[in-house]
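Trainee: As given, the protein sequences belong to chains A and B, one line each in that order. Count along the first sequence from 1, add 101, and you get the number used in this note's numbering. Count along the second sequence from 1, add 101, and you get the number used in this note's numbering.
By construction, these hints were calculated from the structure, which means they are not laboratory data. Among these hints, one or two may not hold up.
Treat identical chains as interchangeable: a pair holds within one or across any two.
Claimed, not checked - Within a straight-line C-alpha distance of at most 27 Å, the following computed DSS-like cross-link-like pairs (lysine-lysine) qualify:
| # | residue 1 | residue 2 |
| --- | --- | --- |
| 1 | Lys431 | Lys356 |
| 2 | Lys405 | Lys140 |
| 3 | Lys325 | Lys356 |
| 4 | Lys203 | Lys113 |
| 5 | Lys140 | Lys431 |
| 6 | Lys103 | Lys431 |
| 7 | Lys140 | Lys103 |
| 8 | Lys402 | Lys325 |
| 9 | Lys325 | Lys103 |
| 10 | Lys402 | Lys279 |
| 11 | Lys280 | Lys215 |
| 12 | Lys376 | Lys426 |
| 13 | Lys280 | Lys140 |
| 14 | Lys143 | Lys113 |
| 15 | Lys113 | Lys402 |
| 16 | Lys417 | Lys215 |
| 17 | Lys426 | Lys325 |
| 18 | Lys376 | Lys166 |
| 19 | Lys123 | Lys405 |
| 20 | Lys405 | Lys325 |
| 21 | Lys172 | Lys143 |
| 22 | Lys417 | Lys172 |
| 23 | Lys405 | Lys431 |
| 24 | Lys170 | Lys140 |
| 25 | Lys356 | Lys213 |
| 26 | Lys417 | Lys356 |
| 27 | Lys325 | Lys417 |
| 28 | Lys213 | Lys376 |
| 29 | Lys325 | Lys223 |
2 protein chains.
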Amino acid sequence: MKPIEWQGNRLKIIDQTQLPGKLVFAELCSYTEVVAAIKEMKVRGAPAIGVAAAYGIALGAQNIKAENKAKFVSQFDRILQSFAAARPTAVNLFRAIDRMKKVAEPTDDFAKIKQALIDEAKAIHANEEDATERLSWLGAELIEDGSTILTHCNAGPLATAGYGTALGVIKAAAEQGKKIEVIATETRPLLQGAHLTAWELMQDNIPVTLITDSMAGYFLSRSKVNCVIVGADRIAANGDTANKIGTYTLAILAKENGVPFYVAAPTSTIDLSLKSGDQIPIEERNPEEVTNIGGIRLAPKGVKAANPAFDITPHKYITAIITEKDIVRKPYLRRLKQLVGR
Amino acid sequence: MKPIEWQGNRLKIIDQTQLPGKLVFAELCSYTEVVAAIKEMKVRGAPAIGVAAAYGIALGAQNIKAENKAKFVSQFDRILQSFAAARPTAVNLFRAIDRMKKVAEPTDDFAKIKQALIDEAKAIHANEEDATERLSWLGAELIEDGSTILTHCNAGPLATAGYGTALGVIKAAAEQGKKIEVIATETRPLLQGAHLTAWELMQDNIPVTLITDSMAGYFLSRSKVNCVIVGADRIAANGDTANKIGTYTLAILAKENGVPFYVAAPTSTIDLSLKSGDQIPIEERNPEEVTNIGGIRLAPKGVKAANPAFDITPHKYITAIITEKDIVRKPYLRRLKQLVGR
């Protein structure tokens with residue numbers, strides 16, 4: 102059961118907005134459907150967004166009918182721009198767009214380009230599958246037998262189109278035979294923890310306790326948590342990390358309670374072009390995600406609400422960044438440059 | 102529009118579980134209905150629970166038919182026990198029970214006792230009205246013109262059967278002519294921030310922005326918050342404070358970002374019998390409050406969930422405790438003893 106699967110002329114995805122109530126697959130037959138699925142978070146999670154976008158670009162390119170290269174490029178650019186405007190924070194999206202763009206440049210043979218784009222999308226997917234599996238087993242070495250691990254949002258197979266990042270590390274530790282328990286935050290407003298993380302862990306028979314985001318401090322302060330692991334949407338050159346709103350708070354709580362705070366992400370999530378987290382764009386989503394759940398209104402009509410979807414965790418709060426190439430510790434700048442440069 | 106009103110032979114309350122959708126009054130005609138209303142959080146907030154319990158005890162006593170004092174005491178004790186078992190954390194409940202019990206002791210004249218109980222409940226109510234108004238105006242001196250104040254859960258008139266504690270300070274500052282904005286956390290699981298605080302502030306025309314609990318760190322780290330003010334359910338002798346789950350996290354975030362963290366509470370919330378917050382009992386509520394909202398299931402069937410309703414903020418994180426008698430700063434022990442002893 103693959104969260105994202107290329108089917109030759111369309112993209113089949115698990116519609117993450119339907120879980121955990123229903124396991125529904127969506128078949129996306131045009132690039133605009135893929136863009137919409139990313140915007141509406143039918144597919145979400147930084148690596149998964151990158152993979153879906155790559156396939157979406159390949160899908161869009163198949164339908165380009167152009168007389169010459171200029172016209173092809175113009176239509177292709179429109180496709181790339183649609184994806185670039187879908188969501189701003191996860192850098193994997195922009196990395197996928199860059200890779201796809203480069204593939205289309207060298208030749209005037211459209212049929213060749215179209216095939217090369219499919220191949221490149223598959224390569225991006227394979228890279229993320231490989232990277233997430235590698236980083237998971239590397240990271241599992243950090244996890245002691247008998248650990249209770251707190252995680253936020255969802256960073257499992259659904260989020261990565263691979264083995265998972267934060268949940269990948271947890272799964273790998275469990276597969277090593279370690280006794281692991283997970284505390285999963287529900288992750289308001291969109292409840293990826295309650296909807297997806299709890300569901301994925303239950304599928305894998307890893308014991309999980311669901312809490313509201315506000316309860317993390319309670320469990321950390323009572324020594325109920327051995328470490329915190331989260332995924333990432335973009336990591337700046339200095340190690341500052343953008344991830345789901347609420348991550349920064351968990352890092353502060355971990356530090357205050359002397360608990361390690363790990364970020365697990367493939368190197369495709371590292372953006373060396375940004376010096377620090379201040380430069381990472383933070384998506385502001387529709388306030389109705391805060392004031393409503395499943396059609397139920399939670400707040401008075403007309404109330405103002407804010408909905409930043411991510412926050413920045415400064416590198417000083419991060420114990421280690423787990424990538425597929427190495428487990429990186431402070432100071433991050435030099436080592437991250439080496440890893441991504443490789 | 103009083104949140105709690107004694108009507109001679111019954112207790113009229115605003116049913117807080119119906120807000121903000123509907124403003125519904127419940128008429129409670131027996132003490133068991135009052136106990137149920139407290140358990141189900143139709144009436145909630147530490148001072149309001151104390152006031153409702155006092156009236157509920159008076160109401161229950163009116164219906165006691167006993168031939169002698171021993172039988173009266175036995176039935177009266179059963180009433181007191183029902184209230185004591187309603188909710189464990191807010192000390193105002195137990196303080197009200199103690200006051201009501203003392204009133205019933207001196208005489209054998211049941212009619213006199215019954216009237217004295219009504220009078221005492223009214224006195225407890227008047228005490229809280231007076232205390233919350235006083236502490237609000239005292240606390241308002243701490244608030245600078247142009248402040249943005251972050252608050253958690255609900256500590257307004259609904260919670261206090263008076264002027265409010267945290268929201269009382271905010272209202273008083275606004276009434277002083279200061280330009281005040283509020284950021285209100287929604288306060289999962291039961292959403293008192295979204296349901297009640299947003300509603301009360303909108304009634305008072307004080308600008309409010311609703312956020313999820315997980316967003317507080319984002320706004321604090323971006324210098325968007327000048328101070329944090331919360332209420333309290335019980336304050337131990339050393340200043341450690343039990344309040345709605347999530348409060349501890351806000352205190353840590355405030356400290357990390359150099360922002361003052363204030364607790365506003367009448368002295369009836371101070372429990373000198375407990376040396377520290379470790380001794381404060383924390384209510385564990387039904388996990389379905391976490392896994393469901395308004396009949397909608399948020400998490401996979403069968404998932405385990407935790408639901409501690411309060412957490413403890415150690416006194417070291419509290420900049421000041423605002424009471425009706427004084428604004429208390431560290432070290433808390435001596436000064437809190439003096440205040441409550443008065």
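Trainee: Hint by hint, say whether it matches the structure.
Mentor: Evaluated hints:
For a Cα distance limit of 27 Å, the shortest separation of Lys431 from Lys356 qualifies both inside one copy, at 15 Å, and across copies, at 24 Å. In the homo-oligomer, the alpha carbons of Lys405 and Lys140 lie at most 27 Å apart inside one protomer (22 Å), although the nearest pairing across protomers, at 31 Å, exceeds that limit. Both within a single protomer and between protomers do Lys325 and Lys356 lie at most 27 Å apart by alpha-carbon distance, with minima of 14 Å and 22 Å respectively. In this homomeric assembly, Lys203 and Lys113 come within 27 Å of each other (Cα to Cα) only inside a single copy, at 25 Å, whereas the closest approach across copies is 71 Å.
Proximity of Lys140 and Lys431 under a CA criterion of 27 Å is satisfied in neither setting, with 34 Å inside one chain copy and 50 Å between copies. In this assembly of identical chains, the alpha carbons of Lys103 and Lys431 never lie at most 27 Å apart, being 35 Å within a copy and 57 Å across copies at closest. Proximity of Lys140 and Lys103 under a CA criterion of 27 Å is satisfied intra-copy only: 20 Å inside one chain copy versus 46 Å between copies. Taking the shortest alpha-carbon separations for Lys402 and Lys325, only the inter-copy value of 24 Å comes in at or below 27 Å, while the best intra-copy value is 39 Å.
Taking CA atoms no more than 27 Å apart as the test, Lys325 paired with Lys103 passes in neither setting, with 34 Å inside one copy and 42 Å between copies. In this homomeric assembly, Lys402 and Lys279 come within 27 Å of each other (Cα to Cα) only across copies, at 26 Å, whereas the closest approach inside a single copy is 49 Å. Within a single copy, Lys280 and Lys215 get their C-alpha atoms no closer than 47 Å, and across copies no closer than 60 Å, so neither meets the 27 Å cut-off. When the C-alpha separation of Lys376 and Lys426 is checked against a cutoff of 27 Å, the pair qualifies only within one copy, where the shortest distance is 21 Å, while the shortest distance between copies is 51 Å.
Neither within a single protomer nor between protomers do Lys280 and Lys140 lie at most 27 Å apart by alpha-carbon distance, with minima of 37 Å and 37 Å respectively. In the homo-oligomer, the alpha carbons of Lys143 and Lys113 lie at most 27 Å apart inside one protomer (11 Å), although the nearest pairing across protomers, at 47 Å, exceeds that limit. Proximity of Lys113 and Lys402 under a CA criterion of 27 Å is satisfied inter-copy only: 26 Å between copies versus 38 Å inside one chain copy. Taking the closest pair of Cα atoms, Lys417 and Lys215 never come within 27 Å of each other, the shortest separation being 44 Å inside a single copy and 63 Å across copies.
Taking the closest pair of Cα atoms, Lys426 and Lys325 never come within 27 Å of each other, the shortest separation being 31 Å inside a single copy and 38 Å across copies. Taking CA atoms no more than 27 Å apart as the test, Lys376 paired with Lys166 passes in neither setting, with 41 Å inside one copy and 78 Å between copies. For a Cα distance limit of 27 Å, the shortest separation of Lys123 from Lys405 across copies, 19 Å, qualifies, whereas the shortest one inside one copy, 32 Å, does not. Within a single copy, Lys405 and Lys325 get their C-alpha atoms only as close as 36 Å, which misses the 27 Å cut-off; across copies the closest is 16 Å, which meets it.
When the C-alpha separation of Lys172 and Lys143 is checked against a cutoff of 27 Å, the pair qualifies neither within a copy, at 31 Å, nor between copies, at 66 Å. For a Cα distance limit of 27 Å, the shortest separation of Lys417 from Lys172 qualifies neither inside one copy, at 48 Å, nor across copies, at 67 Å. For the identical chains of this complex, Lys405 and Lys431 are neighbours neither inside a copy (40 Å) nor across copies (36 Å), given an alpha-carbon limit of 27 Å. Within a single copy, Lys170 and Lys140 get their C-alpha atoms no closer than 30 Å, and across copies no closer than 71 Å, so neither meets the 27 Å cut-off.
In this assembly of identical chains, the alpha carbons of Lys356 and Lys213 never lie at most 27 Å apart, being 52 Å within a copy and 59 Å across copies at closest. When the C-alpha separation of Lys417 and Lys356 is checked against a cutoff of 27 Å, the pair qualifies both within a copy, at 10 Å, and between copies, at 16 Å. With identical chains, the CA atoms of Lys325 and Lys417 are at most 27 Å apart both within one copy (23 Å) and between copies (21 Å). In the homo-oligomer, the alpha carbons of Lys213 and Lys376 never lie at most 27 Å apart, since the shortest distance is 38 Å inside one protomer and 77 Å across protomers.
For the identical chains of this complex, Lys325 and Lys223 are neighbours neither inside a copy (41 Å) nor across copies (44 Å), given an alpha-carbon limit of 27 Å.
Checked against the numbered hints given earlier, the structure breaks hints 5, 6, 9, 11, 13, 16, 17, 18, 21, 22, 23, 24, 25, 28 and 29 and satisfies all the rest.
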